[in-house]
Amino acid sequence: MSRKLLTFNGGVHPEGHKDVSNATPIRLMPLLPRYLVALRQHIGGPARALVQAGDTVLRGQMIGAAEGYVSTAVHAPTSGRVLAVAPHEVPHPSGLADLCVVIESDGLDQAIEFQPLDWQALNPSALRNRIRDLGLAGLGGAVFPSFIKLNPEGAGIDTLILNGAECEPWITCDDRLMRERAAEILQGVAVMRHMLGAREVLIGIEDNKPEAIAALRAAVANEAEVVAVPTLYPTGGGKQLTYILTGRETPTGGRSTDVGVQVFNVGTAYALYRAVVLGEPMLSRVVTVTGHVATPGNYEVRLGTPVTDLLAAAGGALPGATGELVGGPMMGFDLEDRASPITKAVNCLIVKDRAHFPASPLILPCIRCGACARACPADLQPFEMYWFARAKDFGKSQSYDLFDCIECGCCTYVCPSHIPLVDFFRFAKSEIWERERHKQDADQARARHEFKAFRLEREKREKAGKLAAKVAENKARDAAAALGGAETASDPEAEHKKAILQAALERAKKAKESVTPQNTENLPPAVEKQIAEIEARRAGAEITQPETGNSPS
Amino acid sequence: MLSAILVMAGIGLVLGAVLGWASIKYRVEDDPLVEKIDAILPQTQCGQCGFPGCKPYAEAIARGEADINKCPPGGEDGVKRLAELLGVDPKPLGEGLEPKPKSVAVIDDNTCIGCTLCIQACPVDAIVGAAKQLHVIVADQCTGCELCLPPCPVDCIHMEVVKEGVATWKWRYPVHAIRRVA
Ligand code: SF4
Ligand code: SF4
Ligand code: SF4
Ligand code: SF4
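Sequence order for the protein chains is A and B.
Position 106 of the first sequence, counting from 1, maps to 106 under our numbering, and the rest follow consecutively.
Whatever position you read off the second sequence (first residue = 1), add 1000 for our numbering.
Wrong hints could be hidden among the right ones.
To be verified - Pairs of lysine-lysine, PhoX-like flavour, derived with a Cα cap of 25 Å:
1. A:K392 / B:K1055
2. A:K392 / B:K1036
3. A:K439 / B:K1132
4. A:K396 / B:K1036
5. A:K396 / A:K352
6. B:K1055 / A:K429
Source of the hints: derived by calculation from the structure; they are not laboratory data.
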């Protein structure tokens, strides 16, 4: 009973290098003295910190709550004390710092009580909220909050695809997970299926992983079909895998849910098993450490583990290493700082060397050979998009469906002129996003400005009305008093206001004087003495100043 | 034959008159060109262009009374887009006008006396507070126009440049050595 598989257009066959890291079982990292948990683990809103410096935490305790819709919670990876909630380097292509919770372990690794969920009895909406609070996010690379993808309402999803393709070279974390924990993965799949109401479950694995295919086939009964798909990069793309397995084409600008398919990574299914069946929040993930290191392999790493410590656990980089790559060679990025912690998004760490990652060759002009278009799995025309992105004509590059580009890197890989096409597409996309943000800001400002003008106009009218009434009243009174008392020249109300403002000014001046030298409070006596001496010297200098003078004449 | 031509000409005249009258009677209040220009302007409402806000500047451009290079917050890019819209050549920003990095105003809460003067100056109502209460600026709504700085009697407002964060970071324009083709 073999399924008829389709092939998407394009794709490439980069060298796999999988055997470097897939021979040994997943190893557990020892407990570390310090963890750095990033509050922003994925696109969408960062978590809101629930702890502050000095607090003690337990393993699994929620330290950041989901804020906004596209957001999930984060948890303490071990028990200990919060040292700080402060910006710190994170694994991001920008190399910028982002808010992290720094935790010093107490060495006890005490956990909160994990409560397994009775998922078959819970209603889907309650279950989704729990999954958000357990911090579940996709582990395949895009790291989208899982609870959103587990929402079946109105989507009409009939097929659940489990993505075990792992098509990027070097990466083997899903391979090892499938070999070693197939039964647990299937329990996670059962939860997904229950929540989505999917009829069919397909598990797609590239045929360069025979052990993983065998392990899952052995564990599966008849609830799912394990399909070996031909090895071709990027089979693991959601749209590509959907097409291969079901023949359904995702429309331009759409998602696979538009054609009744939801795709999850195998690692996410395993994490869901731990979360729902064991009640444990997402605290760790499997990370491939490979390339130019002493003991390449897969490591079960607590989220928040600094990269330095992970590299040390893998025996350290070998001499001649030229830096680290986060993710794979096709879609990954260079790590800026080894102090960065592992986040939910980091599936692989490759230590580079000259032999495997030579310096990028000089680029030549585009010869319009069309190789990039033939390799593009999204059926785009990369050379056209490149042409306009390079000229910063973003509207034009968008008209070539720039946003359908999955940034797989096939075009860059095949280009005979070595043009870094994807870099241009990422650049163009982020410029377009920024314009969109600016436009929204401008629209908001315009609306608020117009409202203010309207408000002022209304107030003016109201005031004019009141004034007219007052004038009429005054006239009547004046007439009644006839030649009565003496008129005060100035308006008492204005005088009163002036006095209030003057008093406030005085107060502010005093406040400023008393507040400005903020660093002179709570000083040790030694420093205070020093300050007193300096003040005395200053006072002396002031007296003598006129005598010494400072004019050079 | 002649009568047919006359009838046709007559109908044409009548319809033309109706159209002409309708265009006066039902004239649209908002000039679509002004709207289009206003859509390009950054809405900072700072008045650096010499007009009291973006809309008045847009109207002046539409009337042909103002040049297109007078808005520093819009930058060169804004001038380029205005030039495209109006079918004229882009030009550099006007003399002495320079775009500044996006900033927001911050009130020093130790010094603010709650005088409400900055609230009156803010073109987008981005400052909240009541008389004699500490005022706070809503950073998300502040356009960075700096109009609240001069009215403050105790000089407690200053501008802070908005720093690039992980969420707003942009991929840089790829710079790669290009090999000369001999
Ligand atoms: S592969 Fe490179 S040289 Fe060929 S058309 Fe594409 S961008 Fe141009
Ligand atoms: S990176 Fe984008 S344009 Fe290039 S091959 Fe992949 S999908 Fe096509
Ligand atoms: S300079 Fe630009 S942003 Fe400022 S008011 Fe004029 S048009 Fe608006
Ligand atoms: S708070 Fe100040 S700088 Fe910000 S928009 Fe209002 S007046 Fe302008």
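Checklist entry - Which of the numbered hints above does this structure break? => result 1, 3, 5 and 6
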